[in-house]
Amino acid sequence: MTSSTLGEIEVEELPNGATVGLVRCPQAPIVSTVVWYRVGTAAEGPEEGGVAHFLEHMMFKGSAAYGPGDVDRITQALGGANNAFTSHDSTAYYFQFAADCWTRALDIEADRMGGLILGSDEVDHERGVVLEEISMYESDPWDALERRVQERVYGTHPYGRPVLGTEASLRAIGSSELRSFHDRHYCPSRATIVVAGDLGVDAAERVRDAFSDLPRGDEWNRPTGRRPTPAADRRITRQHGDVARLLWAVPCPAWHDPDHASLRLTVQALTEGKSSRLHRALVEEEQLCAWVAGELSANLDPGTLSIAAELVPGASPQAVEARLYEIVAAVGTAGFADEEVERARRTFEADWVFGHERIQQRALSVAAALAHGDLAFLFRYRDAVVATDGRQLSLMAAEYLNPARGVVGWSLPEGVRA
Amino acid sequence: MTVQRNSQIRVRVRQVDGSPVASLRLWLWGGSRCESVAGLSWVTGRMLTEGTRGRGWREIAEECEALGALLGSFGGIESHGIAIDCLARDWRFGIGLLEELAFDSSFPEARCRWVCTQGIAELDSLDDQPDACTAWAFNEQLYQPHACARPRPGTRDSLASISGADCEAHHRSRMGRGGVLVVAGDVNEDEVRHAVGDRFRLTPTVASAEETFVEWRGTGRDRQEISTPAVDQAHLFAGHVTVAMDHPDLPHLEVASIVLGSGAGLSGRIPARVREQEGLAYSASATLVLGAGLDPGRCVAHVGTSAETVERAELCVREEMQRLVEDGMSDTEFEEARAYVLRREPFRRETARQWAGLIAQGELYGQQLEDPEWVAERYRSLDRCAVEQALRHHLRPDDLKIMVGLPGGAAPAC
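Protein chains in written order, with the numbering used here: chain A, 1 to 418; chain B, 1001 to 1414.
By construction, these hints were calculated from the structure, which means they are not laboratory data. Honestly, I wouldn't trust all of these hints.
[To be verified] Chain B is nowhere near these chain A residues, computed Cβ spacing over 12 Å in every case:
#1 E47
#2 S135
#3 A210
#4 T224
#5 P251
#6 A254
#7 Y381
#8 G390
#9 R391
#10 A418
[Said to hold, decoys possible] Cut-off 20 Å, straight-line C-alpha distance, at most; resulting in silico cross-link-like pairs (EDC-like, lysine to aspartate or glutamate):
#11 A:K274 to A:E285
#12 A:K274 to B:E1059
#13 A:K274 to A:E295
#14 A:K274 to B:E1319
#15 A:K274 to A:E219
#16 A:K274 to B:E1377
#17 A:K274 to A:E284
#18 A:K274 to A:D338
#19 A:K274 to A:E286
#20 A:K274 to B:E1062
#21 A:K274 to A:E339
#22 A:K274 to A:D351
#23 A:K274 to A:E342
#24 A:K274 to B:E1109
#25 A:K274 to A:E349
[Unchecked claim] Label-pair distances were calculated between CB atoms; the ranges are:
#26 B:E1225 to A:F85: 25 to 35 Å
#27 B:E1099 to A:D351: 54 to 64 Å
#28 B:R1193 to A:G415: 53 to 63 Å
#29 B:Q1322 to A:T156: 30 to 40 Å
#30 A:D338 to B:S1163: 52 to 62 Å
Even for Gly, the Cβ is constructed at its ideal location relative to N, Cα and C.
One chain only, chain A, in its complex shape (with noise of 0.2 Å):
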């Protein structure tokens, strides 16, 4: 039993391998459940391009129990919540249910891992769905930009596949292949369980009696040791609507990497709250940007770290692209005052809180914890970006923000040039 600032914890392995944490945090009569699977798009094999969220989407169509449509309305008709996310490492579906009926979200969970039908008519059904949702992400200045940044970035790595996949390759999945990815990877031995919030005292026995009987699953190695193979050209530029948006992303080191916790709060000093670096100067001052912001992948293998920003109507993207270049050397260079690293650690520390304090949150952070490393991890992670010093965030800026690592795309009105 761990004590946090988020609960009490309770982390057990069941005899199937399936790892479970308890998160007993009965603020509210809520409970979120979190299933987690440690595969999700970089998985895919070559010629499986989207398997990974085509699968997410058909764990909602029909399993042993449970008929096309059924998760959806039981958990409307029990006032509750779901919903799922794919990413490149990762797969989690979860569910908000009032305290009395949170179990609900185990039965329906368990089925699917263990009986989940593939019907084709469901399949070729949800495959226009899909494809409606990548034409609805491309449609979308800012998605479509880091779609085609990522790509680039990324190069050969599994990263730059777009999650959702392509047209084509969609229309090369079916019933077989989905089946194929469900059997490898949906399986006790590669999933997470976090429940939390008011569990009352059986919620462990809860949790075993819905999984201890699922089969373990084949051993699977992640592959590691993979990074970003950057492509040579490094700049896009895509002319597309009436606003001026640049997107910047540099290879960054892995979430587990120490360097990611020292990298995490130089993002904060720059672009977190209106002091800080970049927005005080690109937004502020200088008045070229409507907004700036930072973002770090957490990722298993080196990620990217990027730096977005939409141009007031005026302002030159040649002059803001070389503002940005100048701000974070001058940062690589000579660092941060005093005064700015204490401002990111407290605005990082607030937003720590800010960020767990409804129970769907706790309940999906824990399950990251514990799906890519270990609870402990979780704090461990934040006291080392509260622990890094201005020094190591000058070096983080002067190693990794380098114009000439990174790819740089812009999105510009017809017209215009960067």
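With chain A fixed as given, assemble chain B onto it according to the hints.
Below, chain B without anything else, positioned relative to chain A:
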């Protein structure tokens, strides 16, 4: 500044367990539904963090961020104000900052110009998002000339005309007309009340000019197509204006809305038909009272689909609405929809931020939204016949306004 002691700003405090967080909200009644120039409420709200008589935006931001506090200010459709989320130990700081920003904001002209430029950038950005620009065109179709018809920043022309002095006058005017200060979180209620004391009873004197509300009318067009910058996806919005928050049929329509398509996952009739049965769309939803507040909300069905299938999607939406009006709902549908609404309540009361929002909304609408029993009773007292009757009265499939955003062009200016 001349002050008076008869402020209508109510102070509400609530202890919320769970996280060491305090959420402070100051909402001043008015908002863009009362503004004299489009976007004035939005700019005024934003200007509340742009400087006071004692210090500039940067010092304010640095002080907040040194404590990890989140400071935001806003101008919405019915109010403008300030939001602070901080660690619970810093609630006194939050109250002091709220007081400073509410009473001493200086509305510097240079910062006003910058906020207006950001507003224009936001409008440009909306135009680039196919679903958003189609949704705003639909709102215009329903609500013009009311403020619900336009994005909160107003228009490019109106933003060019707003000055810092305009914002100051608007803010002073709204301070005198009342609002609510809410502190919710891991705090001692008595200590907070004591600390707030009379600080927010001092409000500027304002001339008591009559409010001017613009009624909504709509454009009168039944069906319209616009061009969006989408690559190959069309957006369909179908619906009409329904009822406001204080309408006695609102709870009925909230339950019916779940049956139609605003509940969990894809279980409502429209998402089930459009996505699950016909595979036409990834995003498909429907609601009957979206945006209901002091002004009427709207029935909206939204489908993101291909240009080739948008007519089919429209037919599905019309048929499902017609079927619901003509045939009603099953007992099971009704019971499950009502259970859904009732059982969602704990999820609306999980965090200090949610509580702060509920309390402020309750004050704005004069309803006991923070009382779970009061809310639950509104739904428990319903039966299927009453819900169907309300549905037949308020849902008009023959009178749907249709807005279609088609791919392949430049967006219309918001």
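These are the hints, each one checked on the structure:
no.	hint	verdict
1	E47	holds (24 Å)
2	S135	violated (4 Å)
3	A210	holds (21 Å)
4	T224	holds (34 Å)
5	P251	holds (28 Å)
6	A254	holds (27 Å)
7	Y381	holds (18 Å)
8	G390	holds (15 Å)
9	R391	holds (21 Å)
10	A418	holds (17 Å)
11	A:K274 to A:E285	holds (10 Å)
12	A:K274 to B:E1059	holds (10 Å)
13	A:K274 to A:E295	holds (16 Å)
14	A:K274 to B:E1319	violated (50 Å)
15	A:K274 to A:E219	violated (48 Å)
16	A:K274 to B:E1377	violated (44 Å)
17	A:K274 to A:E284	holds (7 Å)
18	A:K274 to A:D338	holds (17 Å)
19	A:K274 to A:E286	holds (13 Å)
20	A:K274 to B:E1062	holds (8 Å)
21	A:K274 to A:E339	holds (14 Å)
22	A:K274 to A:D351	holds (15 Å)
23	A:K274 to A:E342	holds (15 Å)
24	A:K274 to B:E1109	holds (19 Å)
25	A:K274 to A:E349	holds (17 Å)
26	B:E1225 to A:F85: 25 to 35 Å	holds (34 Å)
27	B:E1099 to A:D351: 54 to 64 Å	violated (25 Å)
28	B:R1193 to A:G415: 53 to 63 Å	holds (59 Å)
29	B:Q1322 to A:T156: 30 to 40 Å	violated (53 Å)
30	A:D338 to B:S1163: 52 to 62 Å	violated (39 Å)
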